[in-house]
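Q: Listed below are the residues making up each chain.
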Amino acid sequence: MQLRVVASILLAAVLAACSSEDTAVRNELLEIQDTNASALNAVPGSPQNLIPQLESALQPDEKIANAVPTRLKIDNLGVISAPIKPVGVETNGDYEVPGATTVGWYKFGAGPGGAGSTVLAAHIAYQGQDGVFRNLSKIDIGSIVDVTVEDGSVISYEITETNQYDKQELPFDEIFERSGDQQLVLITCGGDFNASVSSYEDNFVAYGKPI
Amino acid sequence: MKTKILVMFALLLGVLAPTAASAAENDARVHLIHGIPATDVDVEIAGDIAIDGFEFGDTFDLSGFAGQTLADLKVKLAGTDTVAIDAGDTAVPATGNYTIIAHLDEDGNPALAVFENDVSKLTAGEGRIVVRHAAAAPTVDVLVGGDPTFTGLVNGGEAAADLAAGTLSVSVVPAGTTTPVVIGPADFDVTEGESLIVYAVGSLSADSLTVLTEELTEIHGSPNVVNTGDTPVDDNSAIFLTFGVIVVAGALFRSGKLFMTQAG
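Those sequence lines, one after another, are chains A and B. This note's numbering applies: residue 1 is where the first sequence begins, and numbers increase by one. This note's numbering applies: residue 1 is where the second sequence begins, and numbers increase by one.
FYI, nobody ran anything at the bench for these hints, they're computed from the structure. Hints may contain errors.
Straight-line alpha carbon distances no greater than 25 Å define the calculated DMTMM-like cross-link-like pairs of lysine to aspartate or glutamate that follow [stated by the list, open to error]:
#1 A/Lys107 <-> B/Asp234
#2 A/Lys107 <-> B/Asp189
#3 A/Lys107 <-> B/Glu218
#4 A/Lys73 <-> B/Asp230
#5 A/Lys138 <-> B/Asp230
#6 B/Lys121 <-> A/Asp173
#7 A/Lys167 <-> B/Asp187
#8 A/Lys107 <-> B/Glu106
#9 B/Lys121 <-> A/Asp75
#10 B/Lys121 <-> A/Glu174
#11 A/Lys167 <-> B/Glu192
#12 A/Lys167 <-> B/Glu218
#13 B/Lys121 <-> A/Asp94
#14 A/Lys85 <-> B/Asp72
#15 A/Lys107 <-> B/Asp162
#16 A/Lys107 <-> A/Glu169
#17 B/Lys121 <-> A/Asp140
#18 A/Lys85 <-> B/Glu192
What follows is a set of in silico ranges between Cβ atoms, one per label pair, in the way DEER data are often shown [what the hints assert, rightly or not]:
#19 B/Gly96 <-> A/Gly152: 39 to 47 Å
#20 A/Gly152 <-> B/Gly79: 53 to 61 Å
#21 B/Ala164 <-> A/Phe172: 36 to 44 Å
#22 B/Val83 <-> A/Pro210: 49 to 57 Å
#23 B/Thr139 <-> A/Ile211: 53 to 61 Å
#24 A/Phe172 <-> B/Asp40: 43 to 51 Å
#25 B/Asp162 <-> A/Asn194: 44 to 52 Å
#26 A/Ile211 <-> B/Ala206: 56 to 64 Å
Keep in mind that this is a model prediction, so the values were computed, not measured. Don't be surprised by glycine CBs; every beta carbon is placed ideally from N, CA and C.
Build out the structure end to end from the sequences listed, making use of the hints.
A: Take a look at the structure:
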């Protein structure tokens, strides 16, 4: 009896794993179909329906589907399941960072699975409250970061490098790279706090590779 | 098939001039677009067919030829000896980003136009739209959201704008008017960090006006700064402060209790 229960739990687990994988594949296929459809219907009002899309042949990897990240988990830092919100830039060109308890995903860059950097930024402390990345500067190389994406699947990264930079000297091109190897970039503030402008002097950045 | 021919041709040239070809490949991006509706052609270089059966909307990567001269370049109607465009010896730029389009001039004759592509970095949050007049049609204005945004565009001319990423409703009208709409209105998605190039092609008199689009990537900007904190934290003092408050509170509570006990 006990054996049968274990067996059916195992079976259920296997089925769940299979179906989530299938869903991922199906979503990918749907996305590919969507891409094709949008290429063909790019100009619905034009005299001809079929508008050839000419892609730059030099960046064949550009169109890899990016998953939309929804939740972040970093066991080592006690980040259990922080919500992630897609963000862009403020009107002044600054990174749009949500409130203390939410992580901001740079929606113009890569998402998990896409080429280049998936960038997640969150406060160290905001409006008197500890931010999601309150303890990011204490993260160890080798720590595991789990990112849940829209379809519920989880993509895990291992932290490979950390660095602290003067805010003005952040390696922007590298951090916001949109081609090449997949990487996760976690950003928060660090260094001295400048009370006159209520802002930190530095950014603390942790880089991760998918595992 | 066409790609294979190109690759073989590029390889052949690569063997003949390996240094020039490999150096050039990194420095230039040159694309050739077929922008004449309903006209299949062959492209001939130095008497040999380099592109066989090049069709409307096809694109051909000439980057491998950067810095070289294509001898006696001719565009012929497919499978015939009828020369549509006789470009003669044609130099492919050694550096930079160019699109060459085979199109109709204002009078409806086939021609080649060379456009240098603006690959300067965008501001974060913005995309670039470029409109190019490559159609057998007189001077036009381009309306974006109904407003004349790019005006007085002549065959072979272009106009561009960097703007917030989003969907634009675009129509093409004769210059100085808002009707009749000869192309569109059509929606175009301007993607953040990318350049969308829209070519007006075809012929007004043949009722074949339409558009081709080309996208350029890797020109995105970055946010100016990442501000992720307006409240100071001090790892050591924060802990001591919390701890200290508890200790002090505890002490006060105890002494208060002691005082009350004594009073009672």
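Q: If any of the earlier hints don't hold here, list their numbers in rising order.
A: 1, 7, 8, 9, 14, 17, 21 and 25
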